[in-house]
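Chain P is already provided as a structure; the job is to place chain E on it using the hints.
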Amino acid sequence: MSVATPTQTATTTGLERAAVRNWKPPIGLGVFAVIALLLFTVGSRSGVTMFRLSTTSDLIQLPEVAADVAVVTIIVTIVLFGIAALSAWRAYRAAPTPLWLTSVFAALFLVAFLSWAAAGATIPVPGLLVGAVGLSAPLIFGALGGVISERVGVVNVAIEGQLLAGAFASAVVASITQSLVAGLIAAVVAGVLVSFVLATFSIRYVVDQVIVGVVLNVLVIGLTSFLFSKVLSPNSAVLNSPPRFQRLPIPLLGEIPIIGPVLFRQTIIIYIMYVAIAVVWFALFKTKWGLRLRAVGEHPQAADTVGINVNRTRFWNVSLAGAIAGLGGAYFTLGSVGAFNKEMTAGAGFIALAAVIFGRWDPIRATLAALLFGFASNLQSVLSIVGSPVPSQFMLMLPYLVTIFAVAGLVGHVRAPAASGKAYVKS
Amino acid sequence: MKLELRGITKRFGSLVANDHIDLTVEPGEIHCLLGENGAGKSTLMNVLYGLYQADEGQILLGDEVQHFSGPGDAMAAGIGMVHQHFMLIPVFTVAENVMLGHEDTTFGGRLDLAGAREKVREISSRFGFDVDPDALIDDLPVGVQQRVEIIKALSRDAKVLVFDEPTAVLTPQETDELMAIMRQLKQTGTSIVFITHKLREVREVADRITVIRLGKVVGEASPTETNEELASLMVGRAVDLTVDKGPAHPGKAALVVDHLSVVDSRNQIVVNNVSFTVHEGEILAIAGVQGNGQTELVEAIMGLQHKVRGGIELNGHSIRGSVRKTLDAGVGFIPEDRTEDGLVGEFTISENLMLDRYHKPPFVRMGTLQLGYLDEFAREKITEFDIRAQGIGTHVARLSGGNQQKVVLARELSRDLSLFVAAQPTRGLDVGSVEFVHTRIIQTRDAGIPVIVVSTELDEVVALADRIAVMYRGTIVGIVPGDTPREVLGLMMAGEIPRSAESAA
Numbered sequence: 001m002s003v004a005t006p007t008q009t010a011t012t013t014g015l016e017r018a019a020v021r022n023w024k025p026p027i028g029l030g031v032f033a034v035i036a037l038l039l040f041t042v043g044s045r046s047g048v049t050m051f052r053l054s055t056t057s058d059l060i061q062l063p064e065v066a067a068d069v070a071v072v073t074i075i076v077t078i079v080l081f082g083i084a085a086l087s088a089w090r091a092y093r094a095a096p097t098p099l100w101l102t103s104v105f106a107a108l109f110l111v112a113f114l115s116w117a118a119a120g121a122t123i124p125v126p127g128l129l130v131g132a133v134g135l136s137a138p139l140i141f142g143a144l145g146g147v148i149s150e151r152v153g154v155v156n157v158a159i160e161g162q163l164l165a166g167a168f169a170s171a172v173v174a175s176i177t178q179s180l181v182a183g184l185i186a187a188v189v190a191g192v193l194v195s196f197v198l199a200t201f202s203i204r205y206v207v208d209q210v211i212v213g214v215v216l217n218v219l220v221i222g223l224t225s226f227l228f229s230k231v232l233s234p235n236s237a238v239l240n241s242p243p244r245f246q247r248l249p250i251p252l253l254g255e256i257p258i259i260g261p262v263l264f265r266q267t268i269i270i271y272i273m274y275v276a277i278a279v280v281w282f283a284l285f286k287t288k289w290g291l292r293l294r295a296v297g298e299h300p301q302a303a304d305t306v307g308i309n310v311n312r313t314r315f316w317n318v319s320l321a322g323a324i325a326g327l328g329g330a331y332f333t334l335g336s337v338g339a340f341n342k343e344m345t346a347g348a349g350f351i352a353l354a355a356v357i358f359g360r361w362d363p364i365r366a367t368l369a370a371l372l373f374g375f376a377s378n379l380q381s382v383l384s385i386v387g388s389p390v391p392s393q394f395m396l397m398l399p400y401l402v403t404i405f406a407v408a409g410l411v412g413h414v415r416a417p418a419a420s421g422k423a424y425v426k427s
Numbered sequence: 001m002k003l004e005l006r007g008i009t010k011r012f013g014s015l016v017a018n019d020h021i022d023l024t025v026e027p028g029e030i031h032c033l034l035g036e037n038g039a040g041k042s043t044l045m046n047v048l049y050g051l052y053q054a055d056e057g058q059i060l061l062g063d064e065v066q067h068f069s070g071p072g073d074a075m076a077a078g079i080g081m082v083h084q085h086f087m088l089i090p091v092f093t094v095a096e097n098v099m100l101g102h103e104d105t106t107f108g109g110r111l112d113l114a115g116a117r118e119k120v121r122e123i124s125s126r127f128g129f130d131v132d133p134d135a136l137i138d139d140l141p142v143g144v145q146q147r148v149e150i151i152k153a154l155s156r157d158a159k160v161l162v163f164d165e166p167t168a169v170l171t172p173q174e175t176d177e178l179m180a181i182m183r184q185l186k187q188t189g190t191s192i193v194f195i196t197h198k199l200r201e202v203r204e205v206a207d208r209i210t211v212i213r214l215g216k217v218v219g220e221a222s223p224t225e226t227n228e229e230l231a232s233l234m235v236g237r238a239v240d241l242t243v244d245k246g247p248a249h250p251g252k253a254a255l256v257v258d259h260l261s262v263v264d265s266r267n268q269i270v271v272n273n274v275s276f277t278v279h280e281g282e283i284l285a286i287a288g289v290q291g292n293g294q295t296e297l298v299e300a301i302m303g304l305q306h307k308v309r310g311g312i313e314l315n316g317h318s319i320r321g322s323v324r325k326t327l328d329a330g331v332g333f334i335p336e337d338r339t340e341d342g343l344v345g346e347f348t349i350s351e352n353l354m355l356d357r358y359h360k361p362p363f364v365r366m367g368t369l370q371l372g373y374l375d376e377f378a379r380e381k382i383t384e385f386d387i388r389a390q391g392i393g394t395h396v397a398r399l400s401g402g403n404q405q406k407v408v409l410a411r412e413l414s415r416d417l418s419l420f421v422a423a424q425p426t427r428g429l430d431v432g433s434v435e436f437v438h439t440r441i442i443q444t445r446d447a448g449i450p451v452i453v454v455s456t457e458l459d460e461v462v463a464l465a466d467r468i469a470v471m472y473r474g475t476i477v478g479i480v481p482g483d484t485p486r487e488v489l490g491l492m493m494a495g496e497i498p499r500s501a502e503s504a505a
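As you go down the protein sequences, you meet chains P and E in turn.
Going by our numbering, the first residue of the first sequence is number 1, and it counts up by one from there.
Going by our numbering, the first residue of the second sequence is number 1, and it counts up by one from there.
So here's chain P without its partners, still in its complex pose:
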């Protein structure tokens, strides 16, 4: 038995995979098809729903689309059952249900539901989408912060606190200085400060990261609410009347039908968001900084043995995550509402956290998830305006229902960064 040449097994990888039937997709699709059937037959409505595709200020005016509720709902229900059956057939053949099929299903369901809910009224499509982008903005900033923080190995439950601190600080500073830039900087600083506490306790003192995060949220809520009622409210003219970002349409791009008004007639803070998404994605996957960050979050000991300072890397990147989430907070006060309000983030930080998981710790996917959640929120308000038959309390649950379904059911088997949530202590 002499010394062999480099082993023959070197190129063999992985084991044979078993064909496993996954019945989750067809069951899920089937349930929604049945819901559609019940909704559209038992609660059947008649009339015509108009979908308005253009805004009045558009250069190119698209005609309104009319949909006869009865026809649309019947056809869609049939197609939905067809897709569910196709999915079941594929599951039986141990093949997965492709994502595009699920997307088509969701889109069809949505169209039918919209026509049904708004029967006899008009749905402004651009308005629906613009609102969705607006509601998504803080979620996207929060999710980007979450992605960075979790990728480096620290679970960031404190996104809510970072958003709220950012909102508060930007409102106060922008009011006093009457400068939007100062407001943005204040939001960043506030977010970083919250992160400092999270980073110090979870990294330096090895306290459970989730617990620190939860406590921080409660602390920031308490602190801002106290200051709001004792300081801001009595002096709201001085301390709580920040200027607001004005819409800044981009020439040409802003004239594209539907997309233009939705994406390119926005405020500067939304444009900052676009840049942030691209930069975070590029930096995370294409640069030295990102490689080291991910290494620390996956296998801190390995990173340590090649000379990377694990805890320093974690500390500064958690701080960076806080800065980005803080910007999201500024959107509440300087971008949409125009003043700070008690607990105005209302759980957006937790939805952002869900977007991180739904987006599989990837900045682009997390952004898409945040957009989905934003859309669900806005759908609720649009439908209550056009007067849908669904009780508004039920519609208010919609974004959270979507979140639960998305995170629990559709994500499937995902892998978090291996060392996320675990403190690194040299033995």
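Quick caveat, the hints were computed from the structure, so don't treat them as lab data.
Values in this document were obtained by computation on a predicted structure and should not be read as measured data.
Treat each hint with caution, since some may be false.
Computed cross-link-like contacts, DSS-like style, restricted to lysine-lysine with a CA-CA straight-line distance of at most 30 Å [stated by the list, open to error]: (1) E:Lys216 with P:Lys426; (2) P:Lys286 with P:Lys426; (3) E:Lys2 with P:Lys426; (4) P:Lys288 with E:Lys2; (5) E:Lys252 with P:Lys426; (6) E:Lys307 with P:Lys426; (7) E:Lys216 with E:Lys245; (8) E:Lys307 with P:Lys24; (9) E:Lys119 with P:Lys286.
Frame of chain P; chain E shown alone:
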């Protein structure tokens, strides 16, 4: 480069892990550091690599005193390490792992992945490795992962290379190849420190041997000494390396595993259509390199796996699917990771001794623990199994590995067994405990109980087995008699079926 350690002392609290250790490694020398688990070898190397700071002593490289405040310093000085547990990031590619920590960048801060790939290819070709720079670490067999570790060290121009227990995860063939690589490195002038407790390997490759025991250097030895001489130096007393074992008297077939397959959470078929029979009064050893399905096979027998297909029958009754059913059928089990699956560290010895008997008299009556009986039982077992502890109330986390394993053994062997499954029963144990565990396993066999021993150590397999089943990539390559030559077993562990093995099953 010449490496010299002078009077290195490292304390953890009151424990002295390294006590004034001196070690000199000449350029182009393979220096073996031999010692039992817990002798302080890894601590010493972690001091050398800058992971720990020595309390006393000096590290000299090429006659210059070095001060390492972290692994980065050690690497910059030319020390490379191939860790026992690979320091590779499983979701990164080979090239990304090799470049991590000293990344080159191009325009705009982009990672220079092309350069890293080129470097991997260049070093691979120099040593005749076949490593794809774009492969994900997770998809590579352990033998190749180890090469990536070597490439990683060499890409930083390491002059001193430390191999920490490198053969634990390799097949015999891969071990031979590693030895060849070490010799090749030596010829290029690299100094090599080779840490191991396997005597065979030491004698094959070492130029010089330093033996450490309980944190101290107890002597130098030459590779020409016999196994017994080296072992007694390592353990500190005369050691009998052979296990005293009479011939087996197999009875009727007890455990019948029939076309068993196991699918893991990633839908990989980790155990693929495996069939075998274990008779009363025989030891069937399941050999194979770590990660070829042995763990999952044993878990399936114990009812710990979910996606299982095929039959598992014990004395004519199916025991598939439920741990409770399996235990009630009288299956005793030593899990491969005793601290994780075998014991509750924060429980006392007596509590651990009744872990799987919590639901029945005499330990529990009318829902309450019978503490008096438990104490009595625990005292008896501590004596019988020679568990060295302050008392029955000692938390098992405070015990040494050997004594922890004796607690597991005591619990499992004090029930009426109809099958005994021991997975890696001596992993990480000192020589004395190994002897004890082996003796008890053979006694169990001689009492007429069917025994399955899973081991990745060929020495252990050969010492205990009456028949040997070799696993490779989820299948049983063959079942051969216990006296099959090691060379044949080695080939089987790499998936080859020797002609002589086919008929013996």
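For this session: If any of the earlier hints don't hold here, list their numbers in rising order.
Result: 4, 5, 6, 7
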